[in-house]
Amino acid sequence: SQTIHQWPATLVQPVGSPLSLECTVEGTSNPNLYWYRQAAGRGLQLLFYSVGIGQISSEVPQNLSASRPQDRQFILSSKKLLLSDSGFYLCAWTRGVRTEAFFGQGTRLTVV
Amino acid sequence: GQQLNQSPQSMFIQEGEDVSMNCTSSSIFNTWLWYKQDPGEGPVLLIALYKAGELTSNGRLTAQFGITRKDSFLNISASIPSDVGIYFCAMEYGNKLVFGAGTILRVKS
Numbered sequence: 001s002q003t004i005h006q007w008p009a010t011l012v013q014p015v016g017s018p019l020s021l022e023c024t025v026e027g028t029s030n031p032n033l034y035w036y037r038q039a040a041g042r043g044l045q046l047l048f049y050s051v052g053i054g055q056i057s058s059e060v061p062q063n064l065s066a067s068r069p070q071d072r073q074f075i076l077s078s079k080k081l082l083l084s085d086s087g088f089y090l091c092a093w094t095r096g097v098r099t100e101a102f103f104g105q106g107t108r109l110t111v112v
Numbered sequence: 113g114q115q116l117n118q119s120p121q122s123m124f125i126q127e128g129e130d131v132s133m134n135c136t137s138s139s140i141f142n143t144w145l146w147y148k149q150d151p152g153e154g155p156v157l158l159i160a161l162y163k164a165g166e167l168t169s170n171g172r173l174t175a176q177f178g179i180t181r182k183d184s185f186l187n188i189s190a191s192i193p194s195d196v197g198i199y200f201c202a203m204e205y206g207n208k209l210v211f212g213a214g215t216i217l218r219v220k221s
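Sequences listed follow chains A and B, in order.
Each residue of the first sequence is one higher than the last, beginning at 1 in the numbering used here.
Each residue of the second sequence is one higher than the last, beginning at 113 in the numbering used here.
These are calculated hints, taken from the structure and not from any lab test.
Be aware that a few hints might be false.
These stretches of chain A come out as covered by chain B in the derived footprint (C-beta under 8 angstroms, 3 or more residues) [as the list claims (entries may be wrong)]: (1) 19 to 26; (2) 67 to 81.
Pairs of lysine to any residue residues, derived as SDA-like cross-links and limited to a Cα-Cα distance of at most 20 angstroms, are as follows [to be verified]: (3) B:K220 <-> A:G41; (4) B:K208 <-> A:V60; (5) B:K163 <-> A:E100; (6) B:K208 <-> A:F102; (7) B:K208 <-> A:Q73; (8) B:K163 <-> A:T99; (9) B:K208 <-> B:F124; (10) B:K220 <-> B:L173; (11) A:K79 <-> A:R68; (12) B:K182 <-> A:G54; (13) B:K208 <-> A:K79; (14) B:K182 <-> A:Q55; (15) B:K208 <-> A:V112; (16) B:K182 <-> B:N142; (17) B:K182 <-> A:R68; (18) B:K208 <-> A:S65; (19) B:K163 <-> A:W7; (20) B:K208 <-> A:G16; (21) B:K208 <-> A:V12; (22) B:K208 <-> A:E59; (23) A:K79 <-> A:V60; (24) B:K208 <-> A:R72; (25) B:K208 <-> A:R68; (26) B:K208 <-> A:T94; (27) B:K163 <-> B:S191; (28) B:K163 <-> A:G96; (29) B:K208 <-> A:V51; (30) B:K208 <-> A:S58; (31) B:K208 <-> A:L83; (32) B:K220 <-> A:R72; (33) B:K208 <-> A:R95; (34) B:K182 <-> A:G52; (35) B:K208 <-> A:Q55; (36) A:K79 <-> A:G16; (37) B:K208 <-> A:N30.
On a predicted model such as this, the values are computed, not experimentally measured, just so you know.
Ideal placement from N, C-alpha and C gives every residue a C-beta, glycine not left out.
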């Protein structure tokens, strides 16, 4: 069966520090991968998606970047965090269009 | 980008009541998805709709894909305390999966 792992679960980082959140998927190959950010009690904002290794599409201009060094690994990064980067970050995967998205447990990031 | 308008923004209902929420878009889509998110977790798919006019049930949940392909509704019958959470509509275009702002459901027992 397929599983998605996302870590860490919580993170407190000072302003200006770097960030690296990792997401890995097991039990499937060539998934579509997504990073979302969610403000408290609000909707999910699509940040990046990837349909293959090295292929990254960015949805909104921001202080973050994403990379996909391996087929089932998706990394969200920042060189210097801002206070506004705080939020709940969710990684998800699908097999492609018209299929269910499966989400990781999320990372709650607080920038102080 | 594509936008989904979800209403109501939040609901506070009595246990046992029926609930209705909807989602609209200015564009036509081929897929409507409804997800539920429990506090501190990722969303989980409830119902997927792939054809205009399609009406699909999942236990106490019923969802319909509007004939115009620009809207969808989700109904929950006889709500219970565990229905608490955020309900999202979502749609796919290209390889993107885009979510509405969500309806927060709170249930009084």
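Hint-by-hint comparison with the structure:
{"no.": "1", "hint": "19 to 26", "verdict": "violated (count 0)"}
{"no.": "2", "hint": "67 to 81", "verdict": "violated (count 0)"}
{"no.": "3", "hint": "B:K220 <-> A:G41", "verdict": "19 angstroms, holds"}
{"no.": "4", "hint": "B:K208 <-> A:V60", "verdict": "13 angstroms, holds"}
{"no.": "5", "hint": "B:K163 <-> A:E100", "verdict": "16 angstroms, holds"}
{"no.": "6", "hint": "B:K208 <-> A:F102", "verdict": "14 angstroms, holds"}
{"no.": "7", "hint": "B:K208 <-> A:Q73", "verdict": "18 angstroms, holds"}
{"no.": "8", "hint": "B:K163 <-> A:T99", "verdict": "14 angstroms, holds"}
{"no.": "9", "hint": "B:K208 <-> B:F124", "verdict": "32 angstroms, violated"}
{"no.": "10", "hint": "B:K220 <-> B:L173", "verdict": "19 angstroms, holds"}
{"no.": "11", "hint": "A:K79 <-> A:R68", "verdict": "17 angstroms, holds"}
{"no.": "12", "hint": "B:K182 <-> A:G54", "verdict": "34 angstroms, violated"}
{"no.": "13", "hint": "B:K208 <-> A:K79", "verdict": "26 angstroms, violated"}
{"no.": "14", "hint": "B:K182 <-> A:Q55", "verdict": "30 angstroms, violated"}
{"no.": "15", "hint": "B:K208 <-> A:V112", "verdict": "32 angstroms, violated"}
{"no.": "16", "hint": "B:K182 <-> B:N142", "verdict": "9 angstroms, holds"}
{"no.": "17", "hint": "B:K182 <-> A:R68", "verdict": "34 angstroms, violated"}
{"no.": "18", "hint": "B:K208 <-> A:S65", "verdict": "17 angstroms, holds"}
{"no.": "19", "hint": "B:K163 <-> A:W7", "verdict": "37 angstroms, violated"}
{"no.": "20", "hint": "B:K208 <-> A:G16", "verdict": "30 angstroms, violated"}
{"no.": "21", "hint": "B:K208 <-> A:V12", "verdict": "30 angstroms, violated"}
{"no.": "22", "hint": "B:K208 <-> A:E59", "verdict": "10 angstroms, holds"}
{"no.": "23", "hint": "A:K79 <-> A:V60", "verdict": "17 angstroms, holds"}
{"no.": "24", "hint": "B:K208 <-> A:R72", "verdict": "18 angstroms, holds"}
{"no.": "25", "hint": "B:K208 <-> A:R68", "verdict": "16 angstroms, holds"}
{"no.": "26", "hint": "B:K208 <-> A:T94", "verdict": "10 angstroms, holds"}
{"no.": "27", "hint": "B:K163 <-> B:S191", "verdict": "27 angstroms, violated"}
{"no.": "28", "hint": "B:K163 <-> A:G96", "verdict": "18 angstroms, holds"}
{"no.": "29", "hint": "B:K208 <-> A:V51", "verdict": "10 angstroms, holds"}
{"no.": "30", "hint": "B:K208 <-> A:S58", "verdict": "11 angstroms, holds"}
{"no.": "31", "hint": "B:K208 <-> A:L83", "verdict": "27 angstroms, violated"}
{"no.": "32", "hint": "B:K220 <-> A:R72", "verdict": "42 angstroms, violated"}
{"no.": "33", "hint": "B:K208 <-> A:R95", "verdict": "12 angstroms, holds"}
{"no.": "34", "hint": "B:K182 <-> A:G52", "verdict": "30 angstroms, violated"}
{"no.": "35", "hint": "B:K208 <-> A:Q55", "verdict": "14 angstroms, holds"}
{"no.": "36", "hint": "A:K79 <-> A:G16", "verdict": "8 angstroms, holds"}
{"no.": "37", "hint": "B:K208 <-> A:N30", "verdict": "15 angstroms, holds"}
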